[in-house]
Every structure is written in C-alpha cells, then in structure tokens.
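Take these sequences, add in the hints, and give me the full structure.
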Amino acid sequence: MFTQEVNKRTKTTFKAGIGLLLAVGLASYFGFDNAVTDVGYRPEQPVPFSHKLHAGEMKISCMYCHNSVEKSAHSAVPATSTCMNCHTVVKTESAKLAKVRDSWENNKPIEWRRIHKLPDYVRFNHSRHIRAQIDCASCHGEVETMGVVTQMKPLSMGWCLDCHRNPQKYVVPAREISGIFTGTKTNEQVAQAIKNEQPSWGEGKWKPVRTKTVEAIGTSDHVLGQCQVAGVQMPKKLALGPENCSSCHY
Amino acid sequence: MVKNTTEQKYWKSLDEVSANASIAQDYHQYSSTAGANSDAEFAAGAASDAADLTGTTVSRRGFVGILSASMALAATSCRRPDHKIVPTVKAVEYVTPGLPLHYTTVYAHGNAAHGLIVKSREGRPVKIEGNPAHSASGGSSSSWIQGSLLALYDPDRMKHPYINKGATSPDGRRPAPGYSSPETVLAAIADAVKKADAAGKSMRVLLGEHASPSFAALLKDVETALPQVKFVTMPAVRASNAAAANKAAFGVDAEFVVDYGKADVIVAIDNDFMSGADKNAVFNIRQFAANRKPSLAKPTMNKLVAVEARMSLTGTNADERIKATPEQLTAFAAALLKNVASASGKAASLAASADDSALSPALKDHAKRVATELVAAKGKAIVTVGSHLPVAAHVYANALNTALEAFGAGKAIAHQLPFSADVAPDLDTLRADLKAGKVGAVVFAEVNPMYSADAELKELLKKVEHRFSFSLYEDETSRISTGFIPTAHYLESWGDAVSFDGTLSLQQPLVAPLNPNSSSLPDLMLKMAQTLKPEFMTETKSYLDFVRARWSNTNWEEVLRSGIFKTEAATVAVSGLNESQAAQAAQQSAKIERKGEYVLLVTPSHTHYDGSLSNVSWFQELPDPVSKLTWDNAAFVSKNTAAKILGDKRAEALVTEYEKTELIRVKTPHGVVELPLWIQPGMEDGVIATTLGFGRTDVGQVANGVGANAYALMGAAQSVGYVAVDVEKTEKPYILATTQKHYDLMGRKIIQETVLDKLKKGEKELFEREEVPGRSKENYKALPPTIMQNFEYKGHRWGMVIDLSGCVGCGACITACQAENNIPVVGKSHVANAREMHWIRIDRYYKGSIDNPETIYQPMLCQHCESAPCENVCPVAATTHSPEGLNEMTYNRCVGTKYCANNCPYKVRRFNWLNWHKNKRTPMEFVYNPEVTVRMRGVMEKCSFCVQRLTEAKHKAKDDGRLFVHDGEVVTACQQACPASAITFGNSNDPESAISKTRNDERNFVVLEELNVRPQVTYLAKVRNVAENVAKAEKA
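If you read the sequences in order, they're chains A and B. Residues in the first sequence are numbered from 176 upward in steps of one, following our numbering. Residues in the second sequence are numbered from 30 upward in steps of one, following our numbering.
Among the clues, some could well be false.
The calculated label-pair distances, taken between Cβ atoms and stated as ranges, are [as the list claims (entries may be wrong)]:
no.	chain 1	residue 1	chain 2	residue 2	range
1	B	Pro110	A	Leu336	17 to 27 Å
2	B	Lys491	A	Leu293	51 to 61 Å
3	A	Lys266	B	Arg508	56 to 66 Å
4	A	Val347	B	Asn808	29 to 39 Å
5	A	Val347	B	His995	56 to 66 Å
6	A	Lys283	B	Glu1021	54 to 64 Å
If you are wondering where the hints come from, they were derived from the structure by calculation, not from laboratory data. No residue lacks a Cβ here, since even glycine has one placed at the ideal position from N, Cα and C.
Right, here's the structure in full:
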C-alpha cells in the first residue's frame, strides 16, 4: 500500500519523535523540578535585613513583623512603619538602614524580593496552618538562623500532600519564637471550644463525623481523605489536611 | 395533566415549532444524521476554522517552528522570574493583606436608591452586593448594579480635563488635546457665564436624575446664590406621563412606587416592571416573587395578568398574557375602569368618559373577566401601566387603583419615587429658551444629549456659544464641548440618597478617585459655584463637608456602618381622585399614531438601560432575557410582520437560520435607523419593538458601534414609547449573536410546571415525572439503583435548589457570577460560535403557539453530580469529586481534551478557546476577585458552587471552634444577587437546613433524573396561577 520510502520515513519520524519526547520529558522532570529550581533560592534583598540578628539574637517573635499570618491567608511583609517603630531610636545613622529611612521620609515603599512563591492557581492559607499550631519552621526552615533568607523546602504539590498525609513526620510543633497563638486564643481555649461544639441538628439519622481536634494533631484521629479520580474511589488514607483538589485549587 | 399535543410541547427557537418539525423529530434527526441539518446540536458555524477565529494563518510548518523556538527559549530560562513584594510605608488601619473589608454605600439608579455592601480587597472594590437592611435592594441586586463596578475600572474613562475654546477639527473631533486642569476649565466656565451675563443671557446646567437630598439642597443653594445659573433635569429615558397623570388625578407631581408584594391580583398593562427598563426592578421582582412560591401546605400565590403588544420579560412571567395592539392598551385600561367603576360605584364620571372603542369583542370579554377578578381582590389588587404609555392610560390606572383601594399605608401604593417630578415642562422651557437665544452657556453634567436627545434639541444645544461637559467618559456630548472635566464614579465619591420609603443612606467612597483629575459631580457643582462667586459657602471645602453638615444631628459612624438611617417617608398624599381634571388630562392625552400598518415601540434595554454604561462589557454579553440576544439591539417583530417586510420566503428562512438575518430601515418622523430584524414569538402583528442603550459612537472600545441608536427615532416629548413608523427592507445581511439555541437539551423532560389548582386540591402528582429505570413511579423520592459505588458524604454536603416559580429570568445571577468568578467576556463573534463563558445561564423555553406562547425560565449551572459523567472521562483527573459533593475543576491539571464537556448531559462546561484575558487594559485587572484563579487558554471551567466562599465560611467556622458552617452562613454569588430569592443553597446533610426543607417540597424534581447522575442541584416546578379550565387568551 505504501511505498518503502514512506515506510522508512514513518519509522524514522516515529523514532525521532520518541527520542524528542524522552529528552523533553527528562529535561522537564529534572530541569523544572521545584527541588532544582527553587530550593536554595537566596536572592539579595534591597536592605540587608538579618533574621538571624532580629529573631535569633534579639528574640523578636516572627509575628511581631509578620502580623497578618494568623489572621489572613497571606503572611505580609511588614510596612516600613514597623521597622521605624525601633529604628527611630536604634541605629538611626546606620548606612545599612539608609533605604529604610529613605522609604520612611519619602513615602516610597521598599521593593523586597519574593522568595517563597506558590503558583497563582494554588490557594495556601497561612492562618489555617498557624491556627493548627504548625510552626513557621515546618515550611520555611529555621529562619532565625539565617542571615540571608533562603528557600528551604520545594513547596511543590507532592511536598504539600506528603505533610497532609503524614503530618507527624513533617510538622514542627509551635515554638516560642514564632509567637503562635500568643495573640489570639490559647490552645486550651480552642480545644475546649471544639469539644463544646455540638452539631446544630443533634443526633439525627445522619451522624456527623468530627473532622479535626486540636489534641489530635499528629495522631490518626482524623477523617479519611477522599478523592475520586476518574470515577474510582482512591484508597483511603489517614490524613490531617484535606486532600481533595478544590481545597487548594479554585 | 397537560395533553401531549404539539401545542403543549416546549420549544426554544422558531424552527422547532415550525410546521414540519417537532422536538421528537429533532431528536431523531439528530441521532440519525448527526448534525447534517440545522437541528444539529451546535449552532451553525460552531466548528469553523481555528485560523478564522484567531485571525492568524500559521501553517503547520510555521507552528512547529514556533513550538521548537519556544522550547529552546524555555530551556534557557530555568530560573524563575524575580517577584517583588511591595509593602506599604505606613501600615494602613484596618487593612490586613488577604482579608476583605466590607463597606456600605448607596447607588442611585436614576432616582431609585439601592443600598449596597461593597467588598474591598487591599483597597480596591471587587464585588457589589445589596444591603439586606435597605428597603429597595433588600440584599439583592441586579445585573446593572453588579456591572456598575466594571465601569469604575473602565480604561476608556477619560483621564484628562481639557479646554480648546471651541475649536474643532473638520471631522468634528477636537484637535490635539489641549489638556488642562479642572481649575482652568472651571475658570473658563466662569468666564463664559460672565460673557453670557453681559449679553443678557444665562447658563443652563443639564443634569440627570438623582436621589440625593443633599445634592438637591446644594443645587437649590447654588440657584439662590447665582441667579444666572439654572438647573434642568434631563434624563436620557424621558417618560413623564406617569407623573403628569398623577398630577392631574391627585395633584401629586411624582411617580408612584408599587409594592407588588401587597397585591394578590396584578394587572400590568405594557408595564415591564421586572426588566432593567424599570429602575426599581430589584424591589419589584423581590416583592412580586415573594408571593410566588406556593406549597401544598400553603397553596396561595399572586396572579399576574399582562396585557401587552410586545414580548416583555414581565409578559413572559405572567400567569395570563393578553396580546393587544398598542391602541388597545389604553382602551383595555378604560374597559377595566368601566367594569370596575360599575361594580364599585367609584370614579363613575371618569369611567363614562373613558374610551374603550378600540377593543375587540374578545378583549372586552377579557377586560370584563379580569375586572371581576380585580374587584374580588379589592384592597389587594392593582393595575399598573407602562411609563411610556399615554397619559390617558395612567389616568385610568389611577382611577382603577382608587376604586380598588390600592392607595395608602400598608397598601400596594404607599410611596412615591423621590425626585420624580414631571420634567417635561422644564425641558419645554429649555427648548424655548434655546430657540429664543437666552442661553449663553451650557454645562452637560453627566448627561449625554448628543446621544440621547432628539435631533432638534441636539442642533439647538450645538448652537450655544459655550459648552462644557462633566462626564465619566469623553462621550458624544463631550466631543462637541469646549471644555471637559472627568467626573468620579459613585464608588469614588461621597454623597447620600433617599429611598422611596424614607430610608436614607450615605454614599461612602470605597476608593480615592483612580483619576486624580476627577471629582464627583456634586463636588464639581460646588467648585463651579465657588469659582463663579468666591464668597459662596466659603467654609465648605468639599461636598463631603456639605453632606456632613446636613447630617450633623445623626450618628455619622453608625450610619456608615449600617448603611441606612431610617426615617418615615410620608404616605403618598392621595386625598381623592379629581375626576374632572383626570378626564381632561385623558382627553388631551396623546394618541398612539400609526403610519400605514406599522408602529414602533422603543423601551429602555434590559441589559443597557439608557446606554450610559454601555461600555461595560458584562452588559453587552448578558443575553437579553427574552430574545437571548447579545451585543446588539434588534427590531423585534412577529413572524407575520417579518413576512410582510421581507417576503414569505425570507421570513420562512429566518425561522431556521434566525442568526443570519438582515437589516431593515426603520423610519419615524424623527429619524432613520437600520436595525437587524428578529422574529420574536408573542409579538403583536404590525408592532416593531426595539431598545435604547445601543449605537454609542463615542464612549469606548467596547460599546462604540455596537447596535443602533434608537434615541434617533424618538421625538421631543418622550424618548420611549410608541411612534408611527415606516419600514422597508435593505437586503443587507446581518449576523446576530444569540445564546438561544446553544446547548440544546433535545426535548427531554427538563422543566416541569403545574397549576395552582392542583396544589389547592392537594394533589400528590403535580406533574408527570420522568420514568427512571429501576424505580417505581410512586417511589419517586428514593434514589434509583446504581452500579456505581454510593458516595459517602461525612461532613458538609453542598446542594442547591432553584425555584422555577420564583425565577423571573432577569439574569442578575449571571452578572453576579461573572463578577465573583472572573468570567471573561468573549465578544460577539465568539458568542455566535457558542463560546460564551457564563457559568450560569438561563434557559428560556416557550410552550404553545408562536402567536402567544407561555414561557418558562430555568437557570442552568453545573449540577455537581454525585456520579458525574464528566469525572469518568477526564484522562488526567482534572475534574474530581470532593468529599463535600462538589464537582471540582482543577485548572492547572486540565489539558483541554474537552471530553468532559462532551459527556456533560447539562452542557454547562465552558472551554477557554483563547486567552480571553490577554487584552485586559489597566486598570481593568483590578476588578478580578483575588480569590479565584484567572483561567488561561486551553482549560475547561464551570460553576464551582463558589468554592472560595465555602472555604471562607469553613475557615470562619473553624476559627469559631465550630465543626460545621451554620445554615445560611454561606451564600453563593448567584443566590446573593437573586432578587427573587429563587435560589437556596446549603448543607443537604443537615435535615434542619433550609435546603433540606425546600427539597421536601412536592414540587422538587431533578433534571434528567433518568440518567441517575444524582445532581446536587434540584429544581422546584413552576406554578402558574391559572385555573385549568380557563381558556387561553389567544384562543378566545
């Protein structure tokens, strides 16, 4: 039906195609992996702010500056005014602080370089994790030891899910330096509130399943994650964080 | 049960009901020839060439070249781009990055105030909702209110004030912009007034309608201090017959506000009170629909009788729709009055003089029957008349409502619309002054007469020596003005507004003016007065000072927080019907004239109202609720009229190829416009209906050149109403973009309806349910057997119920969803290709004859099926089922196979054929909801049940130490906007929740239940308040 020439060409094209696919596949797998591209990202900041000095030595709590972290999805970088709370009296002449003073006096924001960045299609909520008493260090490493902040974790989906499935392996319990829950409810208050909670519709035909307790962090007393893929029920696993897609992607 | 005749079947478009095609035939043709004919699943042209769409002609070889080049580029750019974090210098009070703030404000749609709660993220407003405490909005909103947000971020808003001292280039456009400052323009105005004064002339400031007591007070102060300045109210939609009739009948120079919730029998004579053409539509729909949801336990509902010549949204929602010619509309009101007067003994002398000679015997019978129903419901009956109808019709309605005891506290008509006095006398004076050369300068204050006025007034205004324009856009009128100052959007300015029942609200800005050159209109008025007379209100630095001073004895902060300040408006002062004056007014009332056999009706558009915000693309793409047309206005005619204009053969062709229409030339004594012809079921023969709001020439990229300007067809007296018209064909082909037939459901039992009688009798079987395999008919509440594993919902299980009896099809949900979920606008050509992106659509089905069909609306959105057909076919698991019953769509996983859309029985999935967001111009990106991903080309999307709102509510519950979201704590965007409260949403696992209770209603049904896909969305059947034995109007 086909001439030999066509046959030969088809085969060559086919082989070349496979080769190309393999090359592209390998390159993207290794080349674009977050572990390769992002971990160790350590850009130079416009102001040589040292977390090691402020958090490590001065013991200023993370939440003094990143104060929106327990309320909001974002952990905001502080306004210049936060720096100036102290630096109107401390180190007022320091050359390193020239840009901060310039910002303050000329109402010009400092453009910090972003280190931890999730793709736009991922919704990560800081406050949820903080309120579950997951320490900053779980995802950011021990920032108080860093002179220049470096990305320590890949922040990839696999990495997120690993922890959602086996939090006991990864979660760093809340440390004093983070300041977790110092501003809002105590652990006991939250635990008590959850204990007191009765479903508003009582003991009906349908019995609600308790989804989470504070005491249970790191144990196996949680709902089973459910995710149907292609109509097939995925194996049930012990999970703390949700695993279904729309928990993070919408 | 309804007989299964052809007449009783549902149909969506003309070809289905045409002589030889039934729905069943459609279906079989579709199955056997797979789209070989016009009844195919997709609209003609849906499969057109990709190169055609993108406007590029990349060859296959070229494509591979580009592909490899981009791969090479990608390989060299492994490092991620640098992202900046830019915090503020001083921390802003109350603002936490990532958390929204909600502010109350008020929007005055003309003189109808709507209290709002606006959501702001990082200092920019992103979503508008109604304020539940406000009497008019009641927590809901309309498409118009939702879309007003996009106008704030419109890149086409003029940024610069300019002055060019009257110089115009040959093409009528101003030359190289002489950009200036607002102060210079104001100084030029002062100069112009001085010159005019010296010449014995004065200045006119033309204003639109407003609802602000403070603004009215300011204008009064300015007029007192500056006798050479006169303010004239000149709304684009001019229809003052209601106010004129009220003045004659009761001495009340205002329009009434009708509370439809207080009436059991409503007769609307050509009054489209539900559509966007009515400024109070949100209030009207809410009050009307509140009494439209009967159940077996409470089988009561109101009855709406619509008498009309065109097919309006209100007419399609009527229990009984009586078709009449335009001349018969007033006569119908007269006949009603005669009958009611003889039954009640009131208004006898007016009734005697009322002229109902235009009515046919059949219509007289109808009038008699309807009058009996009205009298029987005395005290809870009302007759309303379209604002465009002649004074006589309004006078008769006033007499009717007096006789029916509809006036007074606690009755249907208790209030009047603020600042709704008859503007016609003032406009007549203006015209006379202009003709007499008494006007030396004119300021167009957010009015656009060069677009909306009649030809004569346009010429007169152009002749005024000094012309200045204050406007959001550099519009048609700004083009002929010598000076221009941009105005601020209502979300950028301070002010106040009063609602009809006396509720006062503060208009609180959400954001400083995006354009520092702009100021609010009241601010400009104040500054203008202060420039003209420096000693005027020296202590008042801004309009905010003025408002605050007026509000000094209230708790300012508290009003800002709650959004309302309750005062009691006086009940409408209707002491007694002045019959002789009313009869005189009816006698002098203009008659509807015809030229030959045709008469034209011009009304405000449902989607565009007066055209002032036509540049909002959401309005352009919102389908008209009845015709489902987008991006155009058309000449709506009946099939018979189309055959008369175009010839039988062409009209017959239009039945099947309705999108490929042609332009007809419409000529009135006032102007000529070419409009595409559209065959609309339910139209009276000889009537041509079209809408205002289109045909802008100078507003912005979106609206320029879209549709035709129907203002040009109207004369001095009114810009809406019936006018004699001459029609001829042009044979110019024209394509209209409609969403009407896309995603056809092939005649399956997807809508259900019943009549009130059955509920009253307590019949269990309200409608015939679809047979479901494996389940007996009696056992219809049980789940049918399935081979799939039953899904276990352990926590929340989100579900929705939509009440088809409440839904009027207004489309507020569509725009609310668009705003909430960053849904793109695709443009006319893509809508024509069935590529519109709305996540929720409203299907419109007709039933019965093409002459006067019954209509039913059904909102259709992702049904979030338990065993979803889409999930089974996705090869990459981009669409999955959540433990809470959502059908999740993971955009970043989607590779765009579109298998899911093909397998979806409800046709609710939308594919991003192109990167619709690519051409967004600054500052339009600020309108995006930061909680929702902006989707890229090549991915599927669909309704998410507002998962971002669910997440937020669950976070709140967890923060409060609760396991579950309270019932009613989470509302979806469509539910929140719905003025009819037709949507219930909540946790269906909770037997006490509103949704569980609603689902127990006997009217509950599942669309396409026989597929056993188990949707989380169910519907309540529509109920019509007609006796089963009442003959249909058009048959009589």
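- Task: State the violated hints by number, sorted upward, taking the hints as numbered earlier in the document.
- Result: 4, 5
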